[in-house]
Structure formats: C-alpha cells, structure tokens
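**Q** The primary structure of each chain is shown beneath.
There are 2 protein chains.
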Amino acid sequence: MPSSPAEPAAEAVSTRIAEPALAQFIADVLRACAVAPEQAQAVAAALTEASLRGVDSHGARLLPHYAKVARTGRINPRAQISVRHTGPGTAVLDADDGFGHWAGFAAIDEGVALARSAGIAAVAVINSSHFGAAGCYALRAAAAGCVGLVLANSDKVVLPHDAIVKFHGTNPLAFAAPVAGGRPYLLDMATSAVPWNRVQDYAVRGLPVPEDAAVDAEGRPTTDGKAAEALLPLGGVRYGFKGAGLASMLEIFSAVMTGMGHCGELLSMAGPDFATPRRLGQFYIVVDPGRFVSQAAYDAGMASYLKALRGVPAQPGREVMAPGDREWRVERERLATGIPVPGQLQASFEALAAELGVPAPAWRE
Amino acid sequence: MPSSPAEPAAEAVSTRIAEPALAQFIADVLRACAVAPEQAQAVAAALTEASLRGVDSHGARLLPHYAKVARTGRINPRAQISVRHTGPGTAVLDADDGFGHWAGFAAIDEGVALARSAGIAAVAVINSSHFGAAGCYALRAAAAGCVGLVLANSDKVVLPHDAIVKFHGTNPLAFAAPVAGGRPYLLDMATSAVPWNRVQDYAVRGLPVPEDAAVDAEGRPTTDGKAAEALLPLGGVRYGFKGAGLASMLEIFSAVMTGMGHCGELLSMAGPDFATPRRLGQFYIVVDPGRFVSQAAYDAGMASYLKALRGVPAQPGREVMAPGDREWRVERERLATGIPVPGQLQASFEALAAELGVPAPAWRE
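Just so you know, the sequences run in chain order A and B. In terms of the numbering used here, the first sequence opens at residue 1 and continues consecutively. In terms of the numbering used here, the second sequence opens at residue 1001 and continues consecutively.
These aren't lab readings, by the way, just hints derived from the structure by calculation. Please note that a few of the clues may not be correct.
To be verified - Here are the in silico distance ranges between beta carbons for each label pair:
id, chain 1, residue 1, chain 2, residue 2, range
1, A, G271, B, V1013, 32 to 42 Å
2, B, G1357, A, P221, 51 to 61 Å
3, A, S14, B, R1329, 54 to 64 Å
4, B, L1335, A, E218, 33 to 43 Å
To be verified - Covered by chain A, per the in silico footprint, the following chain B stretches (three or more residues, Cβ under 8 Å):
id, segment
5, 1161-1168
6, 1279-1289
Unchecked claim - Residues from chain B shown here face chain A by an in silico Cβ test under 10 Å; the list is partial:
id, residue
7, V1013
8, G1182
9, E1251
10, E1355
Cβ coordinates follow ideal geometry from the N, Cα and C atoms, glycine included.
The shape of chain A in the complex, shown without the other chains:
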C-alpha cells in the first residue's frame, strides 16, 4: 500500500522550488504582512515540511490564504503565547489568535518538556487557528524521542453517519513515534474518506469523484464532483459510524476539553468572514516511551513490527507500506528535485512578491 495514496496531480507542474527557498519566501511574505518573525518562521516550517512530504493540500498552496488572513483580522500577527501550567503533566496554551502552526510547535515543545518530567503530558491549545498538517506537530515530538498524538477539529464539511447535512470537520488525527536509525513513524489522517479539496479538484477537472466518499445536497452518495456538497466519514455509507465516531472523539478533545467551538460553531476557513478570529482548539498528547520499556526494547519492538508489516505479501503491483513510508519517499525525491509548484500557485506567489515588495521566489527551473 501507499501509506496514503498519492494526491492526484491537480495541475501541470510549472516549476519547482528547493526547500530552503520555499521556507524563505513564505517567511518573507508573512513578515511583509506584519506577522512577527517567530510566527512567520513557524508557518514557513510547517508548510515547507508538508510540501516536502507530498501533503500538497496542506503545504505551500496555503500561503496566499495565510497572507490574506494575517491582514484581515482573523489572525493576530503580533500574538503573544501564554502558557498556564495546571498540573505536573498538563498545560493550557493560549495562542492569542495567532497562527495555529506557531501554537502547535510551542504546544509540542511544552508537551515534550512536561513529558520529560511527568512521563506523559497533555497541552490544550485555545484561541488558535488553522494549523496546516497535523503531522508536523506529532513529528516534532518524535524528533525529541517522544510519541506525539495530535487531535483537532475543523469547520463542517463531513456528514455524521446516517445524516443528510454536513456537520463534522475533516477532523484530523496525527500520530508519530521515533524509529531508531530512520525517519519517524507517521500517521496523519483526516477522518473523512478523502479531503474536500480532492473532491473540488476532481470537479474542476470534470473527473468522477472516488466512490463512497462524497454526497450531494440531499445527502445522497455521488461521484459527480459538481454535485458534491459534503463528504462521507471514513467507512462510507455502510461503516461510516466508525469514521464519524472518530471525528466525534476529536471534537471532545479539541472543542469540549478546550472550551473552544465545536465543528458546528466554527467560522468557515473559506470565509466569507475573514475578520473574526476563529478560536479553534487543538489537543496535544506527548508520551515518553522510556517510562514503559527500555530504549533497546522500544527500538527492537518498533523495528520488528515495521519489518513484519512491510513484509506482508502485497496485491500484484502494490506494496505494503507502514504509515509514513510514502511521505518519506516523497521527501527524499523532493529534497533532490525540489518541490513541484503548479502554474496557478507560481503566479500567485509572483503576485504576492510584487504586491508586498519581497524578493520573488528562487525557482529551481
């Protein structure tokens, strides 16, 4: 298996950009939008690493959106994080309406520090905003030798099971764990069958949407991208009570346990209101594996499991992969060849550079 399937090539690749140049451009643009350097840096890091791993839906393409909301009131470009410790293993981090990426990295760092003393930690982030790919923060825990679990919600686009109207977000769950001598284990998934932007992309290209993934305005399954109004939860029409249940669990963590809005209350990421902070909650759990097994036992157990999983006989022409395997493969390729940039995104990057008076991106080809 691909650990997650490759996203369809939305548009012809127009050019490529090296990782450092992309990170530099994103930070330049955001700083030019009066975003404080540490926030700009965090967003640049999160978008760049998502693009590197092939998670294009949550990578560079989000920059024009973020550059907009940094200037329209939704995001507080000069936000100050404040952390309230509430127990040996717990904290509440107030993102002050800043970027969710910046809050996410800070929350994981706080969680790692707490887990180092308490063995496990939970950090609830309040007054946050969209944070890009959830995997970024789980990976930060893994880089520190810990296991990280990221639980978040988003605005409504997914049907609850047996419903006809969208309610849950694509509510992501990410989990990462260290792997000795290799890139971390990484599960980063939405609890819908497919992402909404994949449906939109198929619609634009006049292609049928994959089956059992989207519904029309009456809540009937459809493969017509133009008729699609919402997504089915993971599990589809038959088994969607499980995907919906997971989405729901993520609401409890990210909304009920943080005091922030649930999926049905959040302002849409896509507007039309770009002036009001969205006040999202996110929930981070960090665990120190060393409290349960020795480093040697952990490393051996992980290696043994991953080897066994990857060794399971595959369908003809396929490959059984562990979560993250595809992402790290894409990362290796893109570190070598650059991150592909579709024509429309290239144009909007050039326009942003001109508008804000920052150096145009250093394209690779």
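Place chain B on chain A using the hints.
**A** Below, chain B alone, put in the same frame as chain A:
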C-alpha cells in the same frame, strides 16, 4: 445513525437473564475454575456490562472460552498484579498472565489516581490476555470524572492496506467521557470494518457478508462468508489505508510501547495452543478535563456538542446518534427485560454449571 449498527440476531433467543444473575453465574463459574475472586469478579463485570450494552460479541458468549482458558494454562487463575510507578503520570502494570479484564480495571483505577495528581496518566499493561470489550475500561475512567482512552491489539485477522494476507488484529480503540446528568459518551470500535465473528455468523447462516468488509484466501474482496479468510481494514479496498493506519498506531501503543508481542507474533485467541500465556499488551490513557476547562464549561460544551450532533437532519427513517447512544438505549431495554441468551449459549451455560457443580443460571423466562 445508530452509533454502531445493531449486530444481526445470530440465533433465536432462547431465554433471558437479569444482569445480576448473569454476573453471579459468570463469577461462580470462574471461581469454580479456581480463578481468584477478584479476577472472577472483574471478568463477570466486564462481560455483563458488555452484554447489557448490546455488545454481544464481547459479552456473555465469551464465558465458555474463559472458563476453558482459566484451566488450560493460558490464564494464571491466581495471578498477582504488580504496579511499577515510573513517573508522576506513568505506570507499568504487570498482569501476571491473569485475565485482561481484571488488569484493565486495575489499570484504569491506577490511571485515574495518577491523573488526579498529574492531570494526565498513562498505564501500560504487560503480560495480559484478552480483555473483552475495550469500552468497559474507558467507561470506568468516565465514571470517575475523567476521560479514558483504551488502545489494544489482537491476533491477526485483518489485511494491511494493499496486502493479500492478514496481519493486524481487529485492534480496538475505546474512548469515553463524562456527560453531566446522563450516561457517558462512549466510542468503542474495532479498526476493521466489521468484527470477524459477524462474518462467521453470516457464513453459518448462509447469508452474504456485507460488502467491502471481507476477503478470500487470495486477498480478493468477497461477500461469501464461507470463502472469507480475513477482514478488510476500516475504509475497505479504497480507503483502507486509514483503518490500517489506525490499527498500526494501536500496535505501537499496545505492543512496541509495552514490550509485548505485535499482532503478527501473538498466539491466536482461538487456539490451538491454550496452554501458553498470550502476553498481550494494552495501553491506557486517562485525562482530567478539569485541568483545561472548568467543570461548568466542560458540561456546557459537551451538552452543546451532543445536542447539535443529535439534531443534524437524518436520512429518511434513520436517526443521527452520538457514539454510545445506541448502547445506552439497549442497556435500558435489557435492564428492563433481561439479557437475551441464544439457545446454544444457554445449553453451554447449563453444561458448565453441571460440570463445575455451580448453581444453574437463574433464567428469567
């Protein structure tokens, strides 16, 4: 939606039994198998509450199996739990090859105690065995005012994505949270689309297995129960990389982080070896919501979310439910009318009573 669909009526109900009578009979049988009273009590509680909630696959029907393995060496009937505290929020609980239910309740109690001081806790259970319905332990945390997350693996019956051979277990995840003035929120799900015993049940009755749930010996999807050799992960052929990813995450928690066997290494629950302890790992996380929001904010947030979810317009003739709603509805019915017992189970209970010299179950009708 049903929060989870009703299991098909496997066999004609022969009789019914009241909850206390069932718990009494289970405990009597296990004690007669030389199982220590506290272990017998824990198994009786777990099976009875699962049966009450309608989770018949993990309820009373497991008693004959447990009565067997308590006497064949797999289970240590006189096990002694030992707990090693490894941090303000962490502990390792050695189940000494006793019943997983007994270890599970003890782990959650330990987790609640740790979470009361540290705010969050993780307890890794080692040298454990099958623990019935994962929801039982999550609910025990909710009953104590905490949020509980239960992560476990099991022996192989589910295909990894794109595989042709089974590898993962049905690896369950359970999550429960308190609800003011009502029964707790409860998500209790396997990461396969359907349970294996449902496939077996359809096969026995000559009915087609639900689509996109099972595969034959070559890993090809099948609706022929007799040809079914393994299960597809949640998400089926198309989106099963997500269900497989979740199953895999549960392996990291319950095997890698406990030092116990992964799915591919575990002895099968169904034998043929019933003499060797299975040495399962299970992982429990308990969080005190009061470290993040006030009790009033938590209660209001939960009520608001559940009301909004249940209020989402449903498909004709259906109902949008929250996770747990169906289970509590079944519990209300069964508290009133008794737990249904199929004829075959009734006969095996009567046979156990005669064999072990314990009073026959007090059937209700």
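**Q** Which numbered conditions among the earlier hints are violated in the structure presented, ordered from lowest to highest?
**A** 1, 7, 8, 10
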